[in-house]
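Residue numbers (this note's numbering), protein chains in the order written: chain A, 1 to 200; chain B, 201 to 400.
Just so you know, these hints were derived from the structure itself, not from any lab.
Just so we're clear, the structure is a prediction, and the values are computed from it rather than from any experiment.
The reader is advised that the hints may include incorrect statements.
Stretch by stretch, here's where chain A covers chain B in the computed footprint (C-beta under 8 Å, at least three residues) [what the hints assert, rightly or not]:
hint : region
1    : 289-297
2    : 333-346
A few chain B positions that, by computed beta-carbon distances, are all more than 10 Å from chain A [stated by the list, open to error]:
hint : residue
3    : Asp224
4    : Leu264
5    : Asn268
6    : Pro304
Backbone N, C-alpha and C define an ideal beta-carbon position, used for all residues, glycine too.
Chain by chain, the residues run as shown.
2 protein chains.
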Amino acid sequence: MITIHGMNASGNCYKLQLLLSQLDRPYRWNEMDLFNGATRTPEFLAKNPNGKVPLLELEDGRCLPESNAILCYLAEGTPYLPDDRWSRAQAMQWLFFEQYSHEPYVAVARFIAKFLPADHPRRAELPRLRERAHQALAVMERELATRDFIVDAGYTIADIALYAYTHDAPAGGIELAGYPHVQAWLRRVESQPRFLAQQN
Amino acid sequence: MITIHGMNASGNCYKLQLLLSQLDRPYRWNEMDLFNGATRTPEFLAKNPNGKVPLLELEDGRCLPESNAILCYLAEGTPYLPDDRWSRAQAMQWLFFEQYSHEPYVAVARFIAKFLPADHPRRAELPRLRERAHQALAVMERELATRDFIVDAGYTIADIALYAYTHDAPAGGIELAGYPHVQAWLRRVESQPRFLAQQN
């Protein structure tokens with residue numbers, strides 16, 4: 001059975017819980033205590049020199065980091081990653097958009113606002129993070145005004161990746177009131193078969 | 201014939217020039233003047249609502265943004281993107297690493313140091329960017345100590361993506377002296393058939 005090393009509070013880890021639920025695929029979950037250095041131990045760094053979760057570990061010990069790379073690997077050959085070359089290219093487009101233009105702002109704002117003390121100096125970053133988060137949401141809003149899911153072909157891992165932090169953006173002080181199409185899309189994702197809500 | 205909308209000075213755009221040279225595939229290059237708002241025109245935003253280059257435009261007008269998604273699309277079915285499922289997963293891992301842990305630091309430090317005036321306030325970001333850039337290079341160094349290219353299977357688009365900004369890291373004040381395996385890898389990339397040096 002595969003193992004996911006992760007942390008329930010992390011949206012990047014939740015992506016995999018959501019996909020594996022929808023694939024109805026069994027896995028072992030190894031909850032890591034990141035706040036107490038669990039990813040900096042020699043044992044974990046041997047599995048992932050970049051010291052991050054989530055990390056997929058196969059039965060034979062091979063390891064794969066990077067949440068969106070793991071999504072691609074697990075979804076290969078399933079309806080969640082289209083076979084059609086152009087649809088697949090669009091899914092990849094949004095997976096890279098998520099990691100480059102969305103996660104560094106939406107997720108980091110959420111982390112600072114939700115998990116750091118009220119007087120933490122990193123709170124000074126919040127205005128800039130929220131501004132960039134709204135830029136990413138505005139791009140999604142324009143796209144989701146024209147179709148049900150982020151890729152023409154339907155519900156894919158690109159939706160899963162974008163859902164992971166978008167649904168909890170308000171926890172980072174990023175209100176979704178101005179994005180009606182994004183909100184409708186969140187509800188559509190939540191109505192997919194075997195949807196699993198985040199556990200934190 | 202395909203068109204690439206891009207800017208020669210951009211490493212993200214250079215990735216595509218390098219792959220297309222190695223594929224020996226003809227294309228039209230549309231040089232965009234980013235410093236004068238070429239990507240903010242209504243015409244360009246209609247092609248890419250995220251307002252960024254590079255952008256791939258097919259003959260029939262379909263457009264694909266995100267440099268690494270374009271690399272995947274163009275390399276599909278060629279030796280630059282492995283068919284083997286695990287090798288492909290590893291290539292994806294490094295493509296996401298590049299956009300999340302490498303480009304935001306190595307590329308942005310290079311941009312600030314190389315293109316902004318000596319008294320620009322963004323220079324205050326350089327120490328933090330360089331620290332994170334060195335973290336990314338240290339991860340690459342450990343991996344490249346064990347093999348010739350970043351993925352076991354050999355030279356792939358993951359090397360192309362990582363080469364694009366790594367080779368010009370010193371322009372951002374990120375010295376490569378401490379990374380002998382990274383330096384040896386840069387020379388191996390440059391010795392690949394139909395290698396093309398960046399034009400700026």
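Quick rundown of the hints versus the structure:
1. Look at the region 289-297 of chain B against chain A: 7 of its residues bring a Cβ nearer than 8 Å to a Cβ of that chain, three or more, so the hint holds.
2. Coverage of the region 333-346 of chain B by chain A holds in this model, with 3 residues showing a Cβ closer than 8 Å to a Cβ of that chain against a need of three.
3. No beta-carbon of chain A is positioned within 10 Å of the beta-carbon of Asp224 (chain B); the least distance is around 20 Å.
4. Some Cβ of chain A comes within 10 Å of the Cβ of Leu264 (chain B); the nearest lies about 5 Å off, and the non-interface call is violated.
5. The claim that Asn268 (chain B) is not at the interface with chain A is violated, since a C-beta of that chain comes within 10 Å of its own (minimum 5 Å).
6. The beta carbon of Pro304 (chain B) sits about 7 Å from the closest Cβ of chain A, which is not more than 10 Å, so the claim that it is off the interface is violated.
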